[in-house]
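Chemist: Listed here are the chains, written in short residue letters.
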Amino acid sequence: MYNEKVIDHFSNPRNVGEIPDADGIGESGSFKCGDTMNIYLKIKNGRIEDIKFMTYGCGAAIASSSMLTEMVKGKTLDEAIEITNQDVAEALGGLPPLKLHCSNLAADALHDAIRNYRKEREFI
Amino acid sequence: MNNRVVYMDHGATTPVREEVVQAMLPFFAEEYGNPSSLHAPGRRVRKSVDEAREKTAAALGANPEEIYFTSGGTESNNIALRGAAKKRSATGHIITSSIEHHAVLDVCRDLEKEGYSVTYLPVDCYGRVEADAVRQAVREDTFIISIMAANNEIGTLQPVREIGALAREKGILFHTDAVQVVGQLPVDVNALNVDFLSLSAHKFNGPKGIGALYVRRGTQVAPVYHGGGQERKLRPGTENVPGIVGLGKAIEMANAEIPEKKKTLEALRDRLTEGLLEIEEVILNGHPEERLPGNINVSFRHIEGEAVLLSLDLEGIAASSGSACSSGSLEPSHVLSAIGLEHSLAHGSVRFSLGRGNTEADVDYVLEKMPSITERLRNISPTYHTR
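Here the protein sequences come in this chain order: A and B. The opening residue of the first sequence carries number 782 in this note's numbering; numbering runs sequentially from there. The opening residue of the second sequence carries number 5 in this note's numbering; numbering runs sequentially from there.
Calculated from the structure, these hints are not laboratory results. Fair warning: there could be bad hints in the mix.
What the hints assert, rightly or not - Covered, in the sense of this in silico footprint (three residues per stretch, anywhere, with C-beta under 8 Å from a C-beta of chain A), are these stretches of chain B:
hint, segment
1, 107-116
2, 120-134
3, 206-219
Stated by the list, open to error - Incomplete in silico selection of chain B near chain A, CB under 7 Å:
hint, residue
4, V25
5, Q26
6, A311
7, A328
8, P375
9, S376
10, I384
11, T390
Ideal Cβ positions, reconstructed from N, Cα and C, are used throughout, including at glycine.
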């Protein structure tokens, strides 16, 4: 069902963990849906210096979370906020159609984290 | 990736045993006659179909003319419910449970659209229907009760005998979906007081695509399909002869082995259950004792079922889950919801269903892998850290 890249990110997820003094924290999903994700950001000079995630979810959810963190580490906030669920799924080499919605978790949590960060510090 | 394959999804389907394959083979290219033909090739095959019917009847304590071959459990359920409904001049009331297989629930929902009323009885925290609840639900216009013999997901055995007696007392038809029980536990249609019983070969080491419906002599039931006169017009269409022969052989063998198999599987089941429950924050779903000999259903707090299945699969272990992400429909199991399992536990459920061929070594292997799988996924989980 899942390709090699997805299996890799599922079995060896990158950037798992929490950042205790995170600059931005985001959440997505719900227990009702069956998956939930937290994202922690460390921002320096408008760039994502460090990013960590915690996910309760299926193989696709965990793999998407891992891939997303890999994609945005080092990017500016403006670049990061442009990343979509589709980008994540594509970077993984595609997901089974039924699993696409599980991958939405990742980009949603990231956007939530960036929004929360900006709410505190920027006046846009 | 591992070479070892441990198959613990016998509740989904089972391998066809060698003797059954051998019994079926001649009926493809050698004995290929149509059982309805008058000539010798047809008559020979007719005889084999009759023999299979006798074996099936014997396994259930029924008469051969009460056995109708179908394409499986789903079709049998459809014929029982729809067929009984069709024989009535007006709509009426059906009593069933909230934990039936979709092959019963969906038929009921469809009948509701046609004006029938249906009571979906709740179950207790173990997934058991109370016979008393059935009694309370009976109305003037109740014409059939359909309660499964055992639940496929959580394994809980239902009080079929009691409900059957109640149905007989009230003069109401009683159907049981016995797909998970036939070939695993002894079944006697008279002891159970059933009017209809569904079974499916691929659950007891027979081929897929063939099952049977037991219909008590004298029961009023209309066909759902129309066509030729096969199966006394209840299930027309040229018979699936290889399948029928396979079913007969499989049910005969499975039935003979029930006492030994039950003992073996229960021991393996209990050892696997005990081992899994030793992992912290793991709970058992379904009744601890009144359950199918090979069924284990547990929930792992803080982690999701499909992720567990994937991890197991990567280690060569095949199991199933009631989580939303592991179902095609993205809905969590209605059975786990019915027993009142909170979302996080429902999504973290895994079913191991043991069957013929599983060994102590299989159980050892799963118990060896499960703790590290659980630990790894919990280390990724947000809720494990905030607990």
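Chemist: If a hint holds in the structure, say so; if it does not, say that too.
Modeler: Checked hints:
A stretch counts as covered by a chain when three or more of its residues have a beta carbon under 8 Å from one of that chain; for the segment 107-116 of chain B and chain A the count is 0, and the coverage is violated. For a cut-off of 8 Å, the count of residues in the segment 120-134 of chain B with a CB near a CB of chain A stands at 0, and the three-residue condition is violated. Only residues whose beta carbon comes within less than 8 Å of a beta carbon in chain A count, and the segment 206-219 of chain B has 0; fewer than three means the coverage is violated. Interface hint at V25/B: violated, since its Cβ lies 29 Å from the closest Cβ of chain A, which is beyond the 7 Å cut-off.
For Q26/B, the interface hint is violated, the least distance from its beta-carbon to any beta-carbon of chain A being 34 Å, above 7 Å. The beta carbon of A311/B comes within 5 Å of a beta carbon in chain A, closer than 7 Å, and the hint placing it at the interface holds. A least Cβ separation of about 4 Å between A328/B and chain A falls short of the 7 Å threshold, and the interface hint therefore holds. Annotation: interface hint on P375/B violated; nearest CB of chain A at approximately 17 Å, more than 7 Å.
Below 7 Å, beta-carbon pairs count as interface contacts, and S376/B has none with chain A, the closest being about 12 Å; its hint is therefore violated. About 5 Å separates the beta-carbon of I384/B from the nearest beta-carbon of chain A, less than 7 Å, and the hint is met. Given the 7 Å rule on beta carbons, the hint for T390/B is violated: about 9 Å separates it from the nearest Cβ of chain A.
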